[in-house]
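Number of protein chains: 4
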Amino acid sequence: MTTVTTGDKSIYTRRESEARSYCRAFDTVFTKASGSILTDAEGNDYIDFLAGCSSLNYGHNDPDMKAALIEHISRDGVTHGLDMHTDAKSAFLRAYENTILRPRRMDHKVMMTGPTGTNAVEAAIKLARKITGRRNVIAFTNAFHGMTLGALALTGNSGKRDGAGGTSLNDVTHLPFDGAMGEGVDTLEHIEWMLSNPSSGVDAPAAFIVEPVQGEGGLNAASKEWMQGIARIAKEQGALLIIDDIQAGCGRTGTYFSTEDFGIDPDMITQAKSFSGMGLPFAALLIKPELDVWKPAEHNGTFRGNNHAFVTARVALEKFWKDKSFEKDVQRKSELLGARLKSIADHIPGATLKGRGMMQGIDVGSGDLAGDICATCFENGLIIETSGAHDEVVKVLCPLTISDELLEKGLDILAGAVAKHTNNTQIAAE
Amino acid sequence: MTTVTTGDKSIYTRRESEARSYCRAFDTVFTKASGSILTDAEGNDYIDFLAGCSSLNYGHNDPDMKAALIEHISRDGVTHGLDMHTDAKSAFLRAYENTILRPRRMDHKVMMTGPTGTNAVEAAIKLARKITGRRNVIAFTNAFHGMTLGALALTGNSGKRDGAGGTSLNDVTHLPFDGAMGEGVDTLEHIEWMLSNPSSGVDAPAAFIVEPVQGEGGLNAASKEWMQGIARIAKEQGALLIIDDIQAGCGRTGTYFSTEDFGIDPDMITQAKSFSGMGLPFAALLIKPELDVWKPAEHNGTFRGNNHAFVTARVALEKFWKDKSFEKDVQRKSELLGARLKSIADHIPGATLKGRGMMQGIDVGSGDLAGDICATCFENGLIIETSGAHDEVVKVLCPLTISDELLEKGLDILAGAVAKHTNNTQIAAE
Amino acid sequence: MTTVTTGDKSIYTRRESEARSYCRAFDTVFTKASGSILTDAEGNDYIDFLAGCSSLNYGHNDPDMKAALIEHISRDGVTHGLDMHTDAKSAFLRAYENTILRPRRMDHKVMMTGPTGTNAVEAAIKLARKITGRRNVIAFTNAFHGMTLGALALTGNSGKRDGAGGTSLNDVTHLPFDGAMGEGVDTLEHIEWMLSNPSSGVDAPAAFIVEPVQGEGGLNAASKEWMQGIARIAKEQGALLIIDDIQAGCGRTGTYFSTEDFGIDPDMITQAKSFSGMGLPFAALLIKPELDVWKPAEHNGTFRGNNHAFVTARVALEKFWKDKSFEKDVQRKSELLGARLKSIADHIPGATLKGRGMMQGIDVGSGDLAGDICATCFENGLIIETSGAHDEVVKVLCPLTISDELLEKGLDILAGAVAKHTNNTQIAAE
Amino acid sequence: MTTVTTGDKSIYTRRESEARSYCRAFDTVFTKASGSILTDAEGNDYIDFLAGCSSLNYGHNDPDMKAALIEHISRDGVTHGLDMHTDAKSAFLRAYENTILRPRRMDHKVMMTGPTGTNAVEAAIKLARKITGRRNVIAFTNAFHGMTLGALALTGNSGKRDGAGGTSLNDVTHLPFDGAMGEGVDTLEHIEWMLSNPSSGVDAPAAFIVEPVQGEGGLNAASKEWMQGIARIAKEQGALLIIDDIQAGCGRTGTYFSTEDFGIDPDMITQAKSFSGMGLPFAALLIKPELDVWKPAEHNGTFRGNNHAFVTARVALEKFWKDKSFEKDVQRKSELLGARLKSIADHIPGATLKGRGMMQGIDVGSGDLAGDICATCFENGLIIETSGAHDEVVKVLCPLTISDELLEKGLDILAGAVAKHTNNTQIAAE
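First to last, the sequence lines map onto chains A, B, C and D.
For what it's worth, my numbering labels the leading residue of the first sequence as 1, then goes sequentially.
For what it's worth, my numbering labels the leading residue of the second sequence as 1, then goes sequentially.
For what it's worth, my numbering labels the leading residue of the third sequence as 1, then goes sequentially.
For what it's worth, my numbering labels the leading residue of the fourth sequence as 1, then goes sequentially.
Check the hints yourself; a few may be wrong.
Identical copies go unnamed one by one, so any copy, or any two together, can satisfy a pair.
Straight-line distance between alpha carbons at most 30 Å, and here's what the computed BS3-like set of lysine-lysine pairs gives [stated by the list, open to error]: (1) 295 - 333; (2) 319 - 32; (3) 9 - 288; (4) 32 - 409; (5) 32 - 288; (6) 342 - 288; (7) 9 - 66; (8) 32 - 66; (9) 235 - 295; (10) 333 - 9; (11) 9 - 319; (12) 32 - 295; (13) 295 - 322.
What the hints contain is simulated information worked out from the structure, not anything from laboratory work.
All values derive from a computational prediction rather than experimental measurement.
Chain A on its own, in the form it takes in the complex:
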């Protein structure tokens, strides 16, 4: 065995599958992370505008979560308990009831699925099919719901779908998302027509599953009116409404759930990513109580009870969601972010602002340009990624807890990279 330095990356080419991805764009070895900063083995700091794809809404290694977790581990608190009752689980559920469900007058029950988003999505569509006796699920263009077969069938991206290797991705109808077909086209009309025509070939749906803001799909934000329309059509069709809030939830858009100001009443909501607060694997499905017709263990999983996540998730709820102050701060920063992005976008011919809340970005018109911008950002100490069907959107997903100073600094780096690749010196100067 040879001596290796911390920064040695040969093990990855030698032993990690070609499926690895982010490490290719951000090709260094990270050793520390705190708040909005990641540090690599050479001691370089990077501002994190990716935040674990929205899994680190409260930043890296929040000190209160760390402390609670260390205390839990130190005292031999249960780490793995399948889905047995534990004090950590009880405390989490009580905190979730008190800070999230009751204040929003939600009577949903919490299903502990496996700790990944795709598992929560699979549970949701299984339950919807079981309840309605229908197979078809309406998903939307540019949707991303996961990589396991049921969730992959809901996902739009052809590159991901090809990974199924030729097996059928069945029982899903993809219809156009809000705004997908351009300014003039009201996609609600299209959806309603397809579902109300008994000869359209679209079978009566068990459910609609919607990301209120499509993160992977290009930061497409559905309007309140469109979401209300979908809720109405679902009800008319006898279908359930599933909100996939895995990326847009946990405060990302300025409220805990991304649709809580929309006046709709989802039958199910999926949660994952930032749900544990600290980036630990954790997911759940919220279900209206009358729909909770699961038989015991009908959908199960070994890691439904990640007690470490219960601990940190409880701290997150108590620290950030006891009152409105965090939400207000996120909303304030969202405006700041939007304004800065708009001024940057104004210097790119044809560019448009995308997204909502702290989930905004710029459609720069081409995947090549977006990729170049992100690469330059990384060289200059900013971790930021693209999204969209053609990777054409530069996406800001920084921690919601980021300081104004770091947010501005990160946006300066972004502006500089845009200036470089658009030969526009004016932007950086602003």
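Based on these hints, arrange chains B, C and D on the given structure of chain A.
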């Protein structure tokens, strides 16, 4: 908000989905766990013969893993890093290469899938279909591979399958496992005949996926000869051999991989459950290098890089797998366990011994009897569960690190429960 | 055994399945048929505006076909020869080559499928999937392609689809037909967008299958521009273009193939219904020669060689398609039909004219009204049916050989029925 | 246009799809057919031991059927009437009731499906799924049920299945047919075990579909005991029993239905091939009245009412099935056939007799040998084909009406061909 005691369970009926399961059989609130003992809010200790369904092969809260994890958290080590390089990940991969892969002359690459077993299984079958251009996968009767749609299609249990709510569980052929059809029937012959007959209606398979010991299916252990037969047929058919070692791996059968003494060369191996060492969510797929044809992110996931799990998994490898001593101790205990179970089984009319290594149990002939035995065990301080198509097998899955004393004590409780429910006072006395 | 009269219908309720349909609307026993007239057991004559759903384009029992068929039978010509060479088959193929293929410069090959339209459709999509290695087929809203599982998946009607009893109707994407979403909406744009967006969730198609005029779907006639657009998109997508000409072909729209004036070059064309000339079961699939990659018997069937149909089909070709006179006469009648229908439609509030050629009708706005009109027509000696998603279209499908006198007489009956049910005495008077 | 002779075959290579098959083995142009003799353009006579794959049980061009059909055509009887009542249809149904259903105390209803076997099969499985609410259908190894997607999923042959071009052949489980796995193996036990094990992965079936004698699959004849076992298991499972009697019915095995001496009570029976008597396309599904829950037109089709077939089918019923004499003659000939085939088989090392009734043949051990034998037969004036998974069975399917003289003559030719290819001069001499 009312004051609640630690042991209050009302939150579960009020807010957790009916899908919850283990907490129904073990209806108390656990607050501490160490080694092979779980402790509840009233201070009662329970010997753990379930071990998180084989997720806690090294016991609860191993002190070295705890220490390393606390150190990592304290120094702001990366918690969530998507699939970026981190020092914790590098160290884990190097340890895995040095303690597991190289000594076994395995050139497999490691694919970090989502941190659940079902995700590793989904990745395996996607890849097998992609490589072979075939859709059909051979799975076995009584198999359990997970709850997401692709894995569920591979799973035999009708109760679980019904959860799909009527959507097709496609592109899988279930064939009889070793011994499934009773003593006289060589299922290999059946399998071979079905696959070699070009008019059998069984399409050419992309892969065979096998649990060498079926944990959920009733502790059915495939023989070396049968596994070799499956490996041979797979090769003849141009199909890949996928070993699902999620429950039987990580030392459970006495070796790190459950088939490493079988003289077969699996194309892919799934790992999860005890893979992190400490019960944290963590899974991976081992892939022969020539089969690693994934495109970057073609199968991805938010929690592919659970750095806490990297830390504890590395400690587990270094502590238990640097030499043969742990394996030998497990093999010694396996014999002890087998002998005691046999003597208990001998007092139950028609009962048979099932399983292999530290994954053994007794088929007591009926689910009712098995359930009664487990319930009595719990009353007497032992956590133990059933498995099998009719829940007819009482299954011992204690930590591999259990002391002989606790193992004997647990088996005494089991013997007593058997005696009670078979009205046989002799057993307990032995 | 009791004595029965010719007109006794008790055998049907006693012994025929409830699946029977047309006999419910036209509840008499027919005993004779000639040209455009059906005669029942009581001697009542009915003008036939249904013509076997376009299977009798040349009318009932054409004397030349009759004579040739009787001659063939009398001389022990082969009746059933599987797909072996027979003189009747040779003569048919030569006539088809000379009258249809060569004059239109078509190099297609003829695949004798089973003698039903659905079988030709199934063959077409199997071949398209085999050639392209893709599974997805684009079909259209309100499409009707048959009742066997592959064709049913292409069919839009939910009542028909429900007959599948819950099995998946896979690997088909239904997109909106020309004009389906109303005047203002260019469905080509929608189709193109869905297929060019790599994240739409619509997998790359093997083929587009289109009825140029949707018969069952409500006499929706695609425009030349739209069909050209579909042909262009198919080519861009690497997908094959399948024209389902089963109902609209054989002269129904004024030319032999319904798209021959459209400047498109279909990869495959399905033919059935009037293909035999005399209403005998007979179907075929035309395939561009470079696409004829079938292995012998890879798609087979017992009744691929209906020699009686070869005889009558040959007569039909020689009698009606040797020159342009028949086409011109059909086109002349089509104008006459259109004009009369328009004047009838003008008296029904909100009614619109549908269709093309001798495949026209009136959308009267409601299935109830359309049903009432057809029922009254039958009472008055006219056989005519509805179509459309809501059965809202009164559809004229009379023999193309109908005399002007009978055509006018039938339309008079229709006008009278419309007048009765719209309380509009003016129509009939015209 | 060039002058062509009757025997010119260039049109086929020029214009018929490569899917054509029988014409390759029997490469001449037939011009006449009568009884058991086909005659080609050169005036050569061939004894027909193929009989349209059992579509010509009453021989070619039966004079009574011819006469009735010519009379019908001459008097302008209805040719095509969709599924409307006609005198020809009434007369057929009454004859069927009187000669077939009532004497066998069957209360089944007759569903007129499209005129092909595959259509009747598709209707049967649709109905079974609709009734039971289950998707899975049990089909058997080596089964052949048709080429449309639903029937193809039931078919075992991989060459045929590959024609689906990669789309899933879903919701079918193939289990081993009677005797499929060799002498010692009771496949009923296997089937029963797979279906009674709730964790086998085989979903509860909607139906079992069985050919009592597998024609294409190699003349595998199920025993009475096995068929009774399947009937019992189906009942226990709440599944319907569908007998596919398309090839084995209409007297082929010595009784009208091939299982009428088996003491079972099928829920549905498919009929086609010889159903029309004269080889015209015609099929039907028999349904127990309580299962006839079709909605009108829920399964429909243009050619459900082939009135020419009604006419000839009625004559067949009245001529051959009014009393037991025809059955007795078929049974007599079956013994004769069996004895001759056995004596031929005895001279081929390893050869075995296959089949039942007038559906017998010799498994000669290899497809090459079987092919050579059939080719030599054709040279010597006998049309005969192979079947089986490896085309290893030489299959006799002559008309049931064949004279003893022609039957012996045909068997002499067969014996001579066997002698030639096994270098055994003794056979022919016998």
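What are the numbers of the hints that this structure violates, sorted from low to high? 1, 5, 6, 10 and 13
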